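Chains A, B, C, D, E and F are the protein sequences, given in the same order.
Numbering of the first sequence is given in this note's numbering, commencing with residue 42 and proceeding in unit increments.
Numbering of the second sequence is given in this note's numbering, commencing with residue 42 and proceeding in unit increments.
Numbering of the third sequence is given in this note's numbering, commencing with residue 42 and proceeding in unit increments.
Numbering of the fourth sequence is given in this note's numbering, commencing with residue 42 and proceeding in unit increments.
Numbering of the fifth sequence is given in this note's numbering, commencing with residue 42 and proceeding in unit increments.
Numbering of the sixth sequence is given in this note's numbering, commencing with residue 42 and proceeding in unit increments.
A portion of the hints provided could be inaccurate.
Any copy, or any two copies together, can satisfy a pair, since identical chains are not distinguished.
[Claimed, not checked] Keeping only pairs whose Cα atoms sit at most 25 Å apart, straight-line, the calculated PhoX-like set for lysine-lysine is: (1) Lys52 - Lys117; (2) Lys52 - Lys276; (3) Lys117 - Lys276; (4) Lys266 - Lys117; (5) Lys117 - Lys82; (6) Lys134 - Lys117; (7) Lys276 - Lys134; (8) Lys82 - Lys266; (9) Lys82 - Lys65; (10) Lys266 - Lys134; (11) Lys276 - Lys65; (12) Lys117 - Lys65; (13) Lys65 - Lys266; (14) Lys266 - Lys276.
Source of the hints: derived by calculation from the structure; they are not laboratory data.
Quick caveat: nothing in here was measured; it's all calculated off a predicted structure.
Protein chains: 6
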Amino acid sequence: MLSASTRDLLKQVSTATLATALFKRGLRNQFIQDVRPLNFKGENMVGPAYTLRYMPAREDLNPISVFLDRAHPQRKAVEECPEGAVFVVDSRKDARAASAGSILVTRLMVRGVAGIVTDGGFRDSPEIGELAIPSYHHRPAAPTNLTVHQAIDINVPIGCGDAPVFPGDIIVGDGEGVIVIPAHLADEIAAEAREMTAFEDFVTEKVREGRSILGLYPATDEQTKIDFAAWRAAKNR
Amino acid sequence: MLSASTRDLLKQVSTATLATALFKRGLRNQFIQDVRPLNFKGENMVGPAYTLRYMPAREDLNPISVFLDRAHPQRKAVEECPEGAVFVVDSRKDARAASAGSILVTRLMVRGVAGIVTDGGFRDSPEIGELAIPSYHHRPAAPTNLTVHQAIDINVPIGCGDAPVFPGDIIVGDGEGVIVIPAHLADEIAAEAREMTAFEDFVTEKVREGRSILGLYPATDEQTKIDFAAWRAAKNR
Amino acid sequence: MLSASTRDLLKQVSTATLATALFKRGLRNQFIQDVRPLNFKGENMVGPAYTLRYMPAREDLNPISVFLDRAHPQRKAVEECPEGAVFVVDSRKDARAASAGSILVTRLMVRGVAGIVTDGGFRDSPEIGELAIPSYHHRPAAPTNLTVHQAIDINVPIGCGDAPVFPGDIIVGDGEGVIVIPAHLADEIAAEAREMTAFEDFVTEKVREGRSILGLYPATDEQTKIDFAAWRAAKNR
Amino acid sequence: MLSASTRDLLKQVSTATLATALFKRGLRNQFIQDVRPLNFKGENMVGPAYTLRYMPAREDLNPISVFLDRAHPQRKAVEECPEGAVFVVDSRKDARAASAGSILVTRLMVRGVAGIVTDGGFRDSPEIGELAIPSYHHRPAAPTNLTVHQAIDINVPIGCGDAPVFPGDIIVGDGEGVIVIPAHLADEIAAEAREMTAFEDFVTEKVREGRSILGLYPATDEQTKIDFAAWRAAKNR
Amino acid sequence: MLSASTRDLLKQVSTATLATALFKRGLRNQFIQDVRPLNFKGENMVGPAYTLRYMPAREDLNPISVFLDRAHPQRKAVEECPEGAVFVVDSRKDARAASAGSILVTRLMVRGVAGIVTDGGFRDSPEIGELAIPSYHHRPAAPTNLTVHQAIDINVPIGCGDAPVFPGDIIVGDGEGVIVIPAHLADEIAAEAREMTAFEDFVTEKVREGRSILGLYPATDEQTKIDFAAWRAAKNR
Amino acid sequence: MLSASTRDLLKQVSTATLATALFKRGLRNQFIQDVRPLNFKGENMVGPAYTLRYMPAREDLNPISVFLDRAHPQRKAVEECPEGAVFVVDSRKDARAASAGSILVTRLMVRGVAGIVTDGGFRDSPEIGELAIPSYHHRPAAPTNLTVHQAIDINVPIGCGDAPVFPGDIIVGDGEGVIVIPAHLADEIAAEAREMTAFEDFVTEKVREGRSILGLYPATDEQTKIDFAAWRAAKNR
């Protein structure tokens, strides 16, 4: 369960800061590699993972007519992904064909889904970039998913961009990319990231003022800690 | 021959829609993989393919002085590519050196060429992105083509981004990428894509209004077909 | 030593033109492959190279606490990189983790460093893209450098994007990418590039006016040389 | 169900011949790409697929102690894979760590499993190459699977070397590689491949005798058909 | 034209030595990258290049029935490749499907062709490895060429493993790989390589006897030159 | 310092076992990725690392004449690498040109060097495979190193096949590949690997006898521990 307060905290921090908090706990592979926002709107994507797994398409099982079946996993997943969740697709890092197109992504948006990520590509990517739902992929891919991918499993553990993703893990996306926070760590990571972000904002301000990073970042000078405490008080953070 | 009406139709549809129309005919590899517009201006690139084939450069055959020869294939091709055609370059997916630069692309623009595509890279890419001619490549590449490529054949069948391209095939580029329509299919694909686009626009509107994709996309509900007919009549499409 | 006049000349020419000047001297691999500007501001990055070399990280040597050491090579390099230099990082073309983040890049900016290039990735890349210092990388990378990289050597000869970089080589970046000019050639390359740029500007103007490239580019027609001389006189170039 | 007669037929034909038989039915991606036998013993591997799916390893879930759990999917799969089946592993084409080692493969051999394939790598590969069980991988990989892989699913549809593999599909391996025959096609493909192999053997003999391939392969000359019929009669094939 | 004496010389030298002789003339990319012998028999492959160019296959143009056409370029090339030539195939470095199989390679062997090279893969590779004709590829590939490749041009300039190959260039293969000697340089390169090989054999003998490489290789010590002259006299080389 | 007893132990264990011992200590990236023995002779390569670092070659600094300089780092390193050490080369995973050839490797052999590893390729690889010195590379590479590589540093920390290598780290190679043991851990890792190897040999014997791996590997059954103790006593291990 993702609490409202943790969700709010995760809206305010960067994937870089989260990556460091995870690194401190020995988790080195939580950043989804080589995906990018189609058009970052300035607000972080945050939500629990709901997953779709693709396998390589076999031609006889993937004619265009498969979508006549309302139980087709891709369509079913789009209709069942919970409001507030992030739809994460394992496309085996293969962007030769699409993971989804603008109609399905629009449907996810209308249904209140928090975002969509694939380690493959989207078709209709210019249209998807205009939608009010965060979206991340590797690169545009016009061909229908059936060309290369067969949707096979819903909400199972997957890989996405070489990162492990379990259903319910908390997914955060910003202008840089997407990171996966194991569900049980979400609250503590969010809290820690807020603290780290306050310190980084303080450091950035001091660096802009001309201070050296030595002793400042990390705060090995005692004075840094004093200054930071004063800054927090002044900024009410 | 690309008729004016087919050209017009292809200006109004997406490479994603065209990819599906081709997929239905068993053609799965017509999307040029991993190229992108330098700066999409909002209007599709459409025209028959005119091709240039590069092979790996041998140093003794590719000093800077080769361009003193007016019959050099790269220069000859730029001067001979027909008005309205799309100049498609087989760079063997190698963007370590340029396929062309802004002067040649400007010349193509002035000569009325409809666009240029390479599965390598352009040099002077920021300038090319400003020109009023659509251009697509893999990534910027400042080194002169002679560094890696030797222009060797004009208007022969080639590969571009793993897609087969025959001279005269109809090339369409949008904000997503570039697709190759076999010449003999251009008219029927264009007509079918117009129909598909009308339906997709209808579906998008309904999805935005909150309708589920089940029964709507594809139109397995009879009501969908009725609604679409009404929509077309109302929209005059 | 980079003279002020050479620096000025290099601000006015493109990496494409420089690549050709280097090619004429037999130097084919000076363009740093597959890096791009985070947000090109319109002015070239120019400066002598100051280098940092990363090796693969061994986990026991790279806990987060290493930054408590003020002599850590990454931090030391950031504080010691000379004003006006370009900070060039050998990240072994591995962007799974960051080469640097916004705080260090801000510090470089404040210290007057001319720019930063890595063949890996930056974290906090959206923030870095806003800074008034040119920056080039392969792709965004949120994870801390310690995840994959260990800073090991300062200001030694390195590879960056398959190009050789010696400390003191002159680095030039534009909207297309980054090129490395061997230190001893900087003055003559800059002078030659200015001449080439004048000619290219002339050619571009003529091509826009409708002239064929044959005889014009290169100037195999005697008339071209005459026209160019007149153009230079008129333009005072 | 794989009948004994089909198994026998598949022991006598090559993956190349099977690939052509599948191609004729529109199945183009059934060859497992980029795996090779550790030490082909001269007899084809044949059996129905039993699958194991790996996902990327998360460090906290994959300490060495996980193997203390007898229900760990990797170990469970090794004990439950049916006699006569081929154990097929989806390692996401990642050979940085092992898919299995010699002890598990020995156990599979002793249990009567027909072979093992991974699109990653084996550890103890020299020992595995000595075992009397066919084995195929991408390349040797000494690190324990936990380093990169987490076993997550048993006997679900997977991808292996970009080929789709459904449990029960018939897997055939020879000195060249491994191919996947959809279960429902196994009998007819086997029968057709036997016929094709007879013809190919005839053709090879004729070509060795000096005959041109034109008219012979394929048999567009009427005489070829007559000769082949005679050859079959003489050879009792 | 490849003279008998040059052919004989090229049988006795290595691709490594030839690569150095070419490097001295500024030719750096003549080694065909990433191909290997299927089963080196101890004697170099030597002959002029006869080329076949593949482009990406379009499905409608590449049904299995295309081979019914005796003029199909692949079959035509196999029948027309001159005796003594090396058949070099441009497969765009794509080994997902075969460049050729054992029947065609057997035909080439019977016809007296000197060898075959592809930067893709062969099917029936175990059988090809047994034939008395040198063969080189990237890796085994069971699927028929039609799956991915369409033969399109015979005996045109091509790329093979990133090396430029012109018809008539002299191709040499040894246990290490394959190199391309521009036709006009074949005699002088062969003569120089013979001299280099004599010296390398002398050096190897001396190194085995315990001499340092300094002063020996290259022969910067005057004594080395004296010793080499004596060695040549004694060895009659 | 590598003691004789540790060296002896490391001769008797596999890189797979060592990888697990390192994994238990949190070291996951010590296996040199994607290198293979040229011709494994049955005895492990063991010795402390002596390193050579290559950077990309700049053409003007790398004519064939550089070897006239006896202080050239490649030649110097070959003459100075200590007896018993393993010569490890950082070739930036680039096998387009050689890291070394047979003459230099012969010299290393004669000088008593324990082995050589590169993440690039060797030239004269068939000859090197015949030498009585263990050698590992990615793939054969006939072109002289000067084509792509410039030797720049001797005995500094490097990367090799994505693994960190510090001078003095203990390098072990077997029929599978090569692993890097941090110097300070060599004794304890060797001792632990001997124990693990005894247990694995026991387990292999039992598995061959038909025992299930459950309870046996790892030894979660008490009986397994008892049996192993008896086996060790009987085998005197």
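> If you check each hint against the structure, which ones fail?
Replying inline: Violated hints: 1, 3, 5, 7, 8, 9, 10, 11; rest satisfied.
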